[in-house]
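**Q** For reference, the chains in residue letters:
There are 2 protein chains.
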Amino acid sequence: MQQRLRGPRRAPAAVLEPTVTGRPSAAAVLLGVDPSLRGTGYGVIQTNRGGPRWLAHGVVRCPAGWDRSRCLLEIATVLRAVVQAQRPTVCVIESLFYAQNYQTALIMGEARGACLVAVAEAGLTVYELAPRRVKQAIVGYGAAQKEAVARMVQRRLGLAEPPPGDAADALALALAYAQEQGRYVLSVPKRI
Amino acid sequence: MQQRLRGPRRAPAAVLEPTVTGRPSAAAVLLGVDPSLRGTGYGVIQTNRGGPRWLAHGVVRCPAGWDRSRCLLEIATVLRAVVQAQRPTVCVIESLFYAQNYQTALIMGEARGACLVAVAEAGLTVYELAPRRVKQAIVGYGAAQKEAVARMVQRRLGLAEPPPGDAADALALALAYAQEQGRYVLSVPKRI
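Going down the list, the sequences are from chains A and B.
Residue numbers for the first sequence follow this note's numbering, beginning at 127 and rising by one.
Residue numbers for the second sequence follow this note's numbering, beginning at 127 and rising by one.
Hint data in this document are derived by calculation from the structure and do not stem from the laboratory.
Heads up, some of the hints might be wrong.
Since the list gives no way to pick out one identical chain from another, each pair is judged satisfied if it fits inside one copy or across any two copies.
[What the hints assert, rightly or not] Lysine to any residue pairs mimicking SDA-like chemistry, simulated, CA-CA at most 25 Å apart:
1) K316 to S162
2) K316 to G191
3) K272 to D193
4) K316 to V155
5) K316 to Q262
6) K316 to N174
7) K316 to R187
8) K316 to A190
9) K316 to Y228
10) K316 to P189
11) K316 to R213
12) K272 to Q210
13) K316 to R196
14) K316 to R281
15) K272 to K316
With the rest of the complex left out, here is chain A (with noise of 0.2 Å):
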């Protein structure tokens, strides 16, 4: 309701402090990062009063034969020269909403841990955000299919085509998170 009555630019109200604090600057740089052993997505977006800007965004690919061990160091390595080159102050990850058992749960933890320790090494303070959550902001359903995340991410980023599923969806994070800030949400992401 507040929502609705508020225009989408509409400055908040002096007299209410937004609930969602502590968040970056105006023109921030953001890091999305949506993990997993073979294929984890990162993207990066800059904040801007005119809206998001493009940075960067790619896919960190293992291959089936090589050991966990060896993925978590590609991933961690991968990120490293991202957060390095990309000066991100802010990552957003994306949580666990559904696991096929507690392998799975296991090894998306493993893959999570190498994200966390290559963000949280270069200072950058860590949100998560639920993939539905995110869906819910950018494509307004909170169970959107990933080709329709990826051609919002692509109109809203102007990129010449949508980005691969898993950077589509860590460009996703990024844009929610960066949508929600100055809002009154009902729900802050939870930092980790």
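On the provided structure of chain A, position chain B as indicated by the hints.
**A** Then chain B, alone, in the frame of chain A:
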């Protein structure tokens, strides 16, 4: 049966190659790691013909108030320092055997991921062993209590007192791995 026929220190018969291959030489340095977000245990031993020799052990404590990303960074930082000081070539990590729920498995996975990045970047080969198998090897009983493991680790390594539980588990992992070297075992530790 084969186990019973051979004396514990008798060399394996020359006609058969041990099923456990790709292992370090007799004087290798092994790092055992028992990962957990708030209390990762580690232990370093040197394998010798005269029996294993203790080199180091400890627990990475992360207070409950710390962000998860901070804990993971602390785990990776401490393990890096241990690896640099002790120069192990093999890491033996505990595999998950039980988790209360997906969230527990995910957090355990994150701690494992932080450990694996730290040891993989130093070039260590990583193996995993199930806790049950470690207890069987060290205490002779797969469902042994933590205290029994700590006491047996103390005895085997000639320590003045039993190590703290998590560090004792880590030392037990390294000891169990060392014990299987050159033996005929039905299943080799899984390289990850």
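**Q** Compare the structure with each hint and give your call.
**A** Structure-based check of each hint:
no., hint, in the structure
1, K316 to S162, "both (20 Å within a copy, 21 Å between copies)"
2, K316 to G191, "between (35 Å within a copy, 14 Å between copies)"
3, K272 to D193, "neither (28 Å within a copy, 30 Å between copies)"
4, K316 to V155, "within (18 Å within a copy, 41 Å between copies)"
5, K316 to Q262, "within (17 Å within a copy, 41 Å between copies)"
6, K316 to N174, "within (23 Å within a copy, 49 Å between copies)"
7, K316 to R187, "between (28 Å within a copy, 23 Å between copies)"
8, K316 to A190, "between (32 Å within a copy, 16 Å between copies)"
9, K316 to Y228, "both (23 Å within a copy, 18 Å between copies)"
10, K316 to P189, "between (32 Å within a copy, 18 Å between copies)"
11, K316 to R213, "within (22 Å within a copy, 38 Å between copies)"
12, K272 to Q210, "neither (29 Å within a copy, 43 Å between copies)"
13, K316 to R196, "between (29 Å within a copy, 14 Å between copies)"
14, K316 to R281, "neither (27 Å within a copy, 46 Å between copies)"
15, K272 to K316, "within (23 Å within a copy, 35 Å between copies)"
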